[in-house]
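Peer 1: Each chain, written out:
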Amino acid sequence: MSQHRQDPGRSAIIGNIRRGLKRGPLPADQQAMLAGRLATHPRHLVPARGQGDAASRVASFMDNILREFGTVQRLPDFAAVPEAIAAYLAAQNIAAELVVSPHPELQAIPFTEKPLLKVRFGKTGPTDPVTLTQAFAGIAETGTLMMPSGPERPTTNNLLSDTAIVVIRAARIVGAYEDAFDLLRAERGGMPRNVMLITGPSRSADVEQTLELGAHGPRSLHVLVIDES
Amino acid sequence: MLQTSRAFKENATSAMANAGLQRALARARPQYAKKRQAAVDRLPEFEALREEAKNIKNHAIANLDFYLETYAANVEKAGGTVHWCATAEDARKAVLEIARRAGAKTVTKGKSMVTEEIGLNDYLEANGVTPVETDLAEYVLQLRHEPPSHIIGPAFHLNREDWEETFRKSHTNLPADRVFRDTRDIQAEARLQLRNKFFAADMGITGANFLIAETGSSVIVTNEGNGDLTQTLPRVHVVVTSIEKVVPTVEDTLSLLRVLARSSTGQDMSVYTTFSTGARRPGDPDGPEEYHVVLVDNGRSGMVGTEFQDMLRCIRCAACMNHCPVYFAVGGHAYGSTYPGPMGSVLTPMLAGVDEAGHLPNASTFCGKCESVCPVKIPLPGLMRHWREREFERHLTPATMRYGLGLWAWFARRPGLYRSATRMAALGLGLLGRKQGNLPRLPFMGGWTKGRDFPAPEGDTFFARYAAAQRQRNIGGRP
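First to last, the protein sequences are chains A and B. Each residue of the first sequence is one higher than the one before, counting from 179 in the working numbering. Each residue of the second sequence is one higher than the one before, counting from 6 in the working numbering.
Just chain A, with the same shape it has in the complex:
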């Protein structure tokens, strides 16, 4: 802390704030109270929407994805993924090649059974048209996908392709954002470098208030909800 004391910007800002609050540094007991609030990070009011049993969470998650201009499809298991992707891309008239994030769940998908699908595991480049990623959690409240960064989930794979396909297990669909962050704290033990909450495909209404999809990120977001747990 000693080098901070000499930082003139820091002393000026903190000093000015304390002058405004008409006090010095917080007394130790109050600091302990605030540290306690940080450690327990209590929740505030969580809206009722998105709450409910697993079946209704999945249903409102899927509804909200559609509301946000995404598309969604429910599949019994991971084995059904290659066929579903091939059919989706064919229907959109998109070449059957995709970059797949190196996540174990995705690596276990039997892509070889669908030889027409060209698959490359790794990071997306500037012109790769389609990506397949895996969501850490889904949030029913607004149809939101949680994508924490890590070796198995490159951040750029969420952003660069025209078409983003995301798989999520139905069992990973929670009600509220808070539930998803609780999972993250429990399983990752803190904040990964980057956590994206994604709600629908990229968009802008900057030109004459007209909503257009695909500003800098994906134009289409297709979510595959997998029932296999």
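Hints in this document: simulated from the structure, not taken from any laboratory. Glycine included, C-beta positions come from ideal geometry on N, C-alpha and C. Watch out, some of these pointers could steer you wrong.
As the list claims (entries may be wrong) - Selected chain A positions facing chain B (Cβ under 8 Å, derived; list incomplete):
| no. | residue |
| --- | --- |
| 1 | Gly187 |
| 2 | Leu204 |
| 3 | Asn372 |
| 4 | Gly395 |
As the list claims (entries may be wrong) - With a Cα cut of at most 25 Å, we get these calculated PhoX-like pairs of lysine-lysine:
| no. | chain 1 | residue 1 | chain 2 | residue 2 |
| --- | --- | --- | --- | --- |
| 5 | B | Lys202 | A | Lys301 |
| 6 | B | Lys382 | B | Lys59 |
| 7 | B | Lys202 | B | Lys174 |
| 8 | B | Lys59 | A | Lys200 |
| 9 | B | Lys59 | B | Lys39 |
| 10 | B | Lys440 | B | Lys455 |
Given chain A, work out where chain B should sit, using these hints.
Peer 2: Positioned in the frame of chain A, the structure of chain B alone reads:
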């Protein structure tokens, strides 16, 4: 940025005569209010969430020193660096120094109002670093050398033909006779032009909507994805943000996010809400190798403990300007500052000085709509009134207005005289305007009657009628 708040009156007059701007304003006005209302109607808890949002920000500000120091410690724990900048100049220098040490020649930028506030782009450019705005609206404005006119939709004052003209002039690598069939083509062209710039940039600058003390994270909220590409692809990520953005925990942030997008664009949630914590970690396939936070004060700490402290709650959603009759009459540029509309009228005099921006708090009808839609319940009309008082105290109000107020006050302190004078005026004006019911001209008030008629008083003054009613009641009430 260039402050032209002093010229608000002249700016407003020319804005009202600008047909293109008026067309853009008329297009946007009904949409903003409708979208917000629809989002609010979909969430029964919205009013309760506003109250919570207000309390969360109040708690953060009451302990701002503690939360800022905790935040900074956690940024450093995650491998980032915090640069504390008391002034705009300190902040500009800090960013340039980071760029120089990184050897950065081009810098991509996500939308950041704080970088507009501190005039970062011009400064970087003057010092040999090329900034490239990547938000669609900020991009077209940079090509046009224009400031933003709105904090969420910076280029909403432009019409389609303005976009097309600018792109034709700037994108000389494309065929000059190309056709833009619809707004989608305009957007697609910008996407293609910027894609390579994202990859070529040495450094990326974003703002932050929130800073989280608990984790040392910065949070950005975007719809396009440009902010994410800006902070993910280059080797260095610089967050330029301000001290009042800090909140204690992730949960506090989530509660604020629930009111932010709904108040702003009427979305339930923005497309990309991204939490960034430090630099690339071992095993990470992408992300920046350096993570810096340039923490700007620029007058904000001076608001703590004053009547303007409530303004520090602002989460920059733009609901106040989206519902403001004055904003929709004159547009954003007339305010002559980075922050237009009601929130800007309160904030700008603080940042630029009341001498510079004293006109802005007068640009209000005090209709109160801004306060009623503010997600953190900032009493904006009340704060504007404080500025008016300060302006008056410092003799910055025009002489005619001061004399007028003085004259009124002289009468108001003499109730008997006041009553008979107003009674005579009401009777006289009533007689004058008896035929039409209104008065197209009034002595000494040519400026006011130029744009509207004065309704002719019908009958007596309020005081006289109230007194008469009281007498009536007393007579009738007696047994």
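Peer 1: Indicate, hint by hint, whether the structure satisfies it.
Peer 2: Tested hints:
1. Gly187: 4 Å, holds
2. Leu204: 5 Å, holds
3. Asn372: For Asn372 of chain A, the interface hint holds, since the closest Cβ of chain B sits about 6 Å away, which is under 8 Å.
4. Gly395: 3 Å, holds
5. B:Lys202 with A:Lys301: 19 Å, holds
6. B:Lys382 with B:Lys59: Roughly 6 Å separates the two Cα atoms, so the pair holds.
7. B:Lys202 with B:Lys174: Between Lys202 of chain B and Lys174 of chain B the Cα gap is close to 19 Å, so the pair holds against 25 Å.
8. B:Lys59 with A:Lys200: 22 Å, holds
9. B:Lys59 with B:Lys39: Satisfied, since the Cα-Cα distance of roughly 23 Å is no more than 25 Å.
10. B:Lys440 with B:Lys455: Given pair Lys440 of chain B, Lys455 of chain B holds - Cα atoms ~20 Å apart, limit 25 Å.
Taken one by one, the earlier hints all hold for this structure without exception.
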